[in-house]
Amino acid sequence: MTKPIIEMKNIEKHFGAVIALAGVSLEVFPGECHCLLGDNGAGKSTFIKTMSGVHKPTKGEIVFDGKPMNFETPRDAMDAGIATVHQHLAMIPLMSVARNFFMGNEPVKKIAGISFFDKEYADRVTMEEMRTMGINLRGPDQAVGTLSGGERQTVAISRAVHFGAKVLILDEPTSALGVRQTSNVLATVDKVRKQGVAVVFITHNVRHAMAVGDRFTVLNRGQTLGTAQRGEISPEELQDMMAGGQELATLEGSLGGTV
Amino acid sequence: MADTPPVDERIKEMAAFRTALIRPELGGMVGIVAVFVFFLLFAFDSGMFAAQGVMNWSVVSAQFMIIAVGACLLMIAGEFDLSVGSMIGFAGMMIAVFGVVLAWPMWMAIIITFVICISIGALNGFIVIRTGLPSFIVTLAFLFILRGFTIYIPQTIERKTIIGGIRDAAEGDWLGTIFGAKIFGAVFRWLGDAGVIAVFERGNRAGEPVVDGIPMLIVWALILVVFGHILLTRTRFGNWIFAAGGDAEAARNSGVPVNRVKILMFMFTAFCATVFATCQVMEFGSAGADRGLLKEFEAIIAVVIGGALLTGGYGSVIGAALGALIFGVVQQGLFFAGVESSLFRVFLGVILLGAVILNTYIRRMITGER
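Sequence lines, in order, name chains A and B.
Just so you know, we're using numbering that gives the first Met the number 0 here: the first sequence kicks off at 0 and counts up by one.
Just so you know, we're using numbering that gives the first Met the number 0 here: the second sequence kicks off at 0 and counts up by one.
These are computed hints drawn from the structure, not numbers from a lab.
C-beta atoms are modelled at their ideal positions from N, C-alpha and C, and glycine is treated no differently.
A few of these clues could be false.
As the list claims (entries may be wrong) - To be clear about the criterion: a stretch of chain A counts as covered by chain B if any three or more of its residues have a C-beta under 8 angstroms from a C-beta of chain B, and this derived list gives those stretches: (1) 90 to 96; (2) 140 to 148.
What the hints assert, rightly or not - Beyond 10 angstroms from chain B on every Cβ pair, some chain A residues (computed): (3) N9; (4) G15; (5) N69.
Kindly generate the complete structure, drawing on both the sequences and the hints.
As structure tokens, this is what we get:
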């Protein structure tokens, strides 16, 4: 295998007296989809916020592309090529797809020394990118509000990739979606992975993770319970690890294994 | 999946004219047509559409436009400014105090006033951003603070609430001219001589045309509308305005400097209010402590008639300008039509309600809101 694009080594994060992360290690390779699983409160959010520059780790080291990194702000991480697609806060429904796609990265062209928003370029690129992702737009001016939840996630993902993301962090992209929309998002993840982008896929849904994941890391109470390769682990085992074992085993008996 | 996915059978092909029609300004356009048809029917003979009448409602509409442009961009950026009216009174009073009481050169009085007012706009924005309070409350406070000073300052130094003599003080001043002059005087004189527009029959202005030029107020209004429209739709900053108002958090996540955008829009609103005030004191020749009363609401009404969303993220400067035109035409037109002036408010309320209902319907079609 090649070198990992990002390595998180023994990351610890303390908030006052609370130890949110107690030494988590993880490495992600280009072109792989690394699923980060964990129940609510396991530390998933804290961990990815550390990765994307929102939090500074209390202890531990982040190595990005072979170099130790010290992100001061999310912008630093973004500039380095780490993009986060949030579950809700990704798109502005009232704005057109093209305006959303280029939000914060607007192309400009100069006319008589004044910088104008290059609408033709923005429209053209947006239409191309949406077509390759399998979204049919009426036009680049179509508002994001008219898209489904899955399509919005897909727009956000293709936007991140277009602007040079090497590591793409997806924060529970499927948790609020229907079956059909979920499969669209998972298909998008697959496409992005094939372009050589490293995907960190955060979820607490084992079935979604199994559908696209190459490797699986489970977080529980701020610690890693290890990383497993695809095929080495069954969905049931993952589920058990996430829940911390015992309690769910008894619950699952009464629920007929459907959780 | 293939590179070209099959066309989604649930997306209907939209007729070209329908797509051209469904735009934020549609409500304003419909309103303009309705208002003009109404007054052409009921007030055609009243002189409303003669040169003097046209100039009358054009000036009133231009006043609304100037403050509506600022209010529109600020509203799209997700904030309100209720201190616009007080700012107009305050700015006018500052010009009078500096230019007449302290007898500074008029250009200096105007520039200093602009600096002070834009700084107050920035302060408004800064407080809103820093405290996270709704701009409604912060600017409501400034509505009272600025109005209080506007009454207190002239009373303390001059023992009156109206300061006159501005026209004399501004005589020949280059910057005063930019706000107070009339342009194309020769064209109107020629039109008067040619008999296209009426001329005064008697008095010391006999033979002069009834309209002797286009006031700079109208020029300012048009410049601000064009500037605002281009800024909003054709620049990167315009995209940031939409983003800041649409969802500040999502915009920040994408690297949009939301705070800077909002503070700049507060400053721009203050700038527009000061332009209004300067044109007004140049025209009247005096500054009064009650000037600009309720203007903040008139600006917001024009913006909302023009299709902007009160909660931000959506709107159009052209729409706001149309809203201002509707407002001005209705206000003056009812006077020409001989309608009891108190009914103006009834009429305005009906238009406001009608326009907002239509706008909401249009907006839902565009943005897919439910």
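Evaluation of the provided hints:
A stretch counts as covered by a chain when three or more of its residues have a beta carbon under 8 angstroms from one of that chain; for the stretch 90 to 96 of chain A and chain B the count is 5, and the coverage holds. Coverage of the stretch 140 to 148 of chain A by chain B holds [criterion: at least 3 residues with CB-CB distance below 8 angstroms; count 4]. Against the 10 angstroms criterion, A/N9 stays outside the reach of chain B, whose nearest CB is about 28 angstroms from its own CB. No beta-carbon of chain B comes within 10 angstroms of the beta-carbon of A/G15; the shortest separation is about 23 angstroms.
A cut-off of 10 angstroms between C-beta atoms confirms that A/N69 is not in contact with chain B; the least separation is 19 angstroms.
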